[in-house]
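Chemist: Chains as they are written, first to last, in the numbering used here: chain A, 1 to 384; chain B, 1001 to 1529; chain C, 2001 to 2332.
These aren't lab readings, by the way, just hints derived from the structure by calculation. Honestly, I wouldn't trust all of these hints.
To be verified - Which bits of chain B does chain A cover? Going by a derived footprint, with three or more residues having C-beta under 8 angstroms, they are:
1. 1066-1073
2. 1415-1428
As the list claims (entries may be wrong) - Here are the in silico distance ranges between beta carbons for each label pair:
3. C:E2132 to B:E1009: 42 to 48 angstroms
4. B:H1447 to A:G297: 36 to 42 angstroms
5. B:H1447 to C:D2083: 47 to 53 angstroms
6. B:S1149 to C:P2199: 33 to 39 angstroms
Computed from a predicted structure; not experimentally measured. A virtual CB, placed ideally from N, CA and C, is assigned to each residue, including glycine.
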Amino acid sequence: MKALQIERSLARFAAARVSAHPSPLRLSEIDPPDLPADGWEIVRPRLSGICGSDLATVTGRSSRWFEPIVSFPFVPGHEVVADRADGSRVVVEPVLHCRIRGVEQLCRACTAGRTNHCERLVAGHLTPGLQTGYCKDTGGGWSLALAAHPDQLHVVPDGWTDEAAVMIEPTACAVHAALAPPVGSDLTAVVIGAGTIGLATIASVARLRTDVSTLIAVAKHPDQRRLAQSFGAHFVVEPGEVRRAVRRATGSWVLDQGQLTGGADIVWDCVGSADSIAEALAVVAPGGTIILAGMPGHVGIDLTALWQREIRLVGAYAYGPEPAGGGRHSFELAIDVVGAADLGQLVTAAYPLDRYADAIAHAAHAGRRGATKVVFDLRHEKRR
Amino acid sequence: MPRPGFVLEVDRSTPPILTWHGESFRLERLPAERSRVIYAPEPMEALEDPDEAVRQALLNPLGDAKPLPDLLFPGMRLTIAFDDISLPLPPMRRPDNRQRVMEAVLDMAATAGVDDVVLICALALHRRMTEAELRHAIGDRVYDAFAPSGRLLQHDAEDPDGLVHLGTTDQGEDVEINRRAAESDLLVYVNINLVAMDGGHKSVATGLASYRSLRHHHNVRTMRHSRSFMDQDHSELHSSNWRMGRLIAASGVKVFQIETTLNNDAFPEQMAFLQKREWEWSARDRAGYLATAKSLSVTPPRLARSIFQSIKAPHRMTSVHAGEVEAVHKVTTEMVYRQQLVPVEGQTDIAVFGLPHLCPYNVNSIMNPILVMCMGLGYLFNLYRGKPVVRQGGVAILSHPTPWAFHPVHHPSYIDFFEEVLADTIDPIEIEKTYEARFANDEWYRHLYRTSHAYHGVHPFYMWYWGAHALEHLGRVIIVGGEPKAVRRLGFSPATTLTDALEMASDVVGRDATITHLHCPPIMIADVS
Amino acid sequence: MSGTDFPGSHEPKRRLPVTPDSARDLAASARARLRPPSSFPLAPPTWPGTIPRPPVERTLGVDYDSDWARSPAARVGRAVVQDVIAAPVVRVLASPTVRGLDRIAHLNEPVIFAANHFSHLDAPLLVSVIPERWRRELFVAGAADYFFDTRIKAATFAFLLNAIPIERQRVSIQSARRVSEMLEDGWSMLIFPEGGRSPDGWGQPHRAGAAWMAMRTERPIIPVHVEGTRRILAKGSSKFRPGRTQVTFGRPLKPAADSDPRQMAVELEAAIAALADEIENDWYTARRRAAAGTTPSLSGPDGPGWRRTWALGDPDAEARRRRRHEKWPWRS
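Just need the whole structure built from these sequences, with the hints factored in.
Modeler: Written out as structure tokens, the structure reads:
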């Protein structure tokens, strides 16, 4: 079958870092994955999204942190809507935790239900891999077939488009991020970044966080601004205007270095660059929370403010049961959000696997080119 | 003998007309047979010995006031308030009128043996002046005599201890002014009456007032009923100030008003072409224009700004009167009208305003987009008596580069107004209702206004209200040569050239629309019949 | 420098390469070298004792005719020397701070500048700071007996400063007529009404000449106060010591038709004293004291010389003490 595959090749990763071409990625004919154990099944992807972490991987910018928890060669793609053998449509929850791996003695995290914190990502009957799409044995979404454990599959509601369904996985991440900071009242919050995660976070906060009374979104491109507004941001500002917008909303003062005396109670950083984290630190209130919803990688930042103002810098990864969401699973909540905010409209470009270089380039400059989510469309690929 | 103002009917042989464009100017050819240009009267003769004229005015006051020396006595509290950086425009060469008058007043106070003298810059909600600006306005001698001992103050409209509430007018307007001024044995107010709006009861009732008091006349309703605020008899802004002024007088504050007028000689010799009629330009004027326009076209904007801001006008004092407020102001207004009034017959469909580099609120600063609006639709539009030069539903064409640029120290709340308020709405009523209170009470703006050199948080709102009458009156506003993004944020239409703008205007007022170009500066008032 | 080495025993070393003394020596030696051979016909003939000499026409002192110094060529030359050489030198030497020009900004007519007088530097200093509209048509009233006693001195001062000889001991009809003619012709005058430089740093009584001249020609008198020149070049000193000076122009005094020149001289003296008070304290204090008649006098206390010197103080002393301790390269 046709698949995009990544092999462990230092030369290719190095080449990708200096050129625009996604060199580590190769389109090849491979066999569909073997089922790792009883009960597993083959599902056939229909749409498969390109995520920010995928981009980091194929451009060689991914952190070496992931090396022990991936297994080469792997097929990327973890934002997947797929057909089951019985013809029903499912979305894949990609985390490969204890139960999926067949680890009999569940780790502490999995016992508690926090599967995204699983401590056995290298154990069990699977090769190491944190998610489907990073594991040699399961295959991934950027191909015509992958192996999935039934626990990983969530049924797509009837009448949904594939575009809406493919947004469920990224939205589940956003829901998880949105519900991470403690609940308060009459909060001022900022979402930095208006890519897929940023917009999905805005939609999630608007729907799930009734305690946020003022939501400021930071968006660079006109389409992003329009969408942010329609998803429920109260103020949408350009990157250079964030501090002033937060100052206005919170009545803070500005000190000589440009830092605010007060600030927003919560900042969701959906970019994950050194600049965006620095900006988040500049606008968060003392004692406030910064959620890193975008994958940051290696960044250099000044943490003086974090110390002096007791700011909590918190990561938000994947999904699970949400205590703040009434104990419902992130995926369930995400289905609500996607449906309510019509997040399917964020899927703005679809490519066949053959044009993967174009697809990657498009995804890398999505905002500038008026796009949000770029996906591979596998519905028209020849299946043999 | 200076010639009076003049309206030129444009024909085919009319040369292109000089049109201001921020820190530069252009020559624009107006369509023949349907355009006219209003020229200001030439500068009036100045007083030969201004110092002596000031002394005589103080000794021979108008109205029921006693000569100043009779009002001064040892042991008294004397407060002298004076106009701030917004007057005159451009700033005049030294010595400024304020310096001449204050020295004369202080000379008499010294003769009378007065010790407790305080000088107050009556800046209302404007920014505090810098030391250099104060020295320029009141002179080094006065500055050095009073500033070091803390007896030169700048009015603080947000100082709870420094204000006193004198009562409310019969219309329910709060009158709250500077405590030191109100509690002095004599308050002398030193004015520069650049335009007919300045002076009178507005000096004290506005210049020394608090926000609480100012909002009664600085609002959309008042500005829409001031037609125009250059004509006191038809200006709600002035009616309100007059009510307050009378209440101030009735509550025992003794005001000795001094008003001075200037001729409209606004530009130095080497830029004389700016205030000449184009067909009278000499070879030297033409060379001056070419050299200036050429060099400005290659000058970086920042440099051009600082060059233009350094212009000091050769304004000269044309009259000075002192005494009781209303009596003084009547004579002064006549003098202002004598210098500025131009009879104009009827309205036209389109008004063309070339905006200069300067308005009252960007001296030594940047003319930001909100000030462009205020200068065009607030000031130039309102330079009329009777009717606006442009008809109801007509089009105003402004010429200004309108950069998206703000002075971060002087205009902090303007940036927020532009980024937040105008992004939402440009309707003055809506703006007033939804946003004014929050900006007016913002702690940070208050702090900057009181301690730095920032305009008050509410000031950009007033700029917008200043143009409220024009916004309601006009069918469309077009800015020639403006930065499109900024122009659109203002709710106006950007055009590249005047020809394009006239083409766009024809959508609103038809193809044979009549055009009036206000050749300003120098300042004039169109007396439209 | 030899001998004992206790603080204050050394003259400060900061000194210009040329002093008035050395210049005088240089001129004398040049003259000696250029003296013509002494025998007739190369030298002028001697006068036979048997023939009575005709009366010599007096051409020096108050009779010196300086009209040539106002010829177009001389004026151009003077403008060049004043602006290109004198003004920069004065600026370096005296670093003047000029105040009060705004008080005379509106004047365009010829005027009389009347200043207090400490030093030979006063005239060049004032000429360099007086606004251009007067500087080009300005003459300086110079003491006939001091500046016009030799032909070379007379010509030099006439050329450099456009000086005109004035009798300072008595009223001379001739000099008065010449001065008033020039004032009426549109020239402005710089005069030192004290009639000479201060011998001890305190002012001397004013003479009525300036006021009298103003009344006669109806020109306004502008009081000018000069401060600091004495420390740079005092009377009797031959060393220039660069320093700071302050020049303050006062409000013009207009002569009324019926005023008394002596009264006006008193007013002028008071005006200059008030200007001194103004820079010493502040303007309003000076006005208060002027109004109350308590402006400190410029003529100093009565009594023996040392008391006057003591009362004068020396504001530069502290600066000089400090300067002595400055290290290379500030001081070699």
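Chemist: Which of the listed hints are not met by the structure?
Modeler: 1
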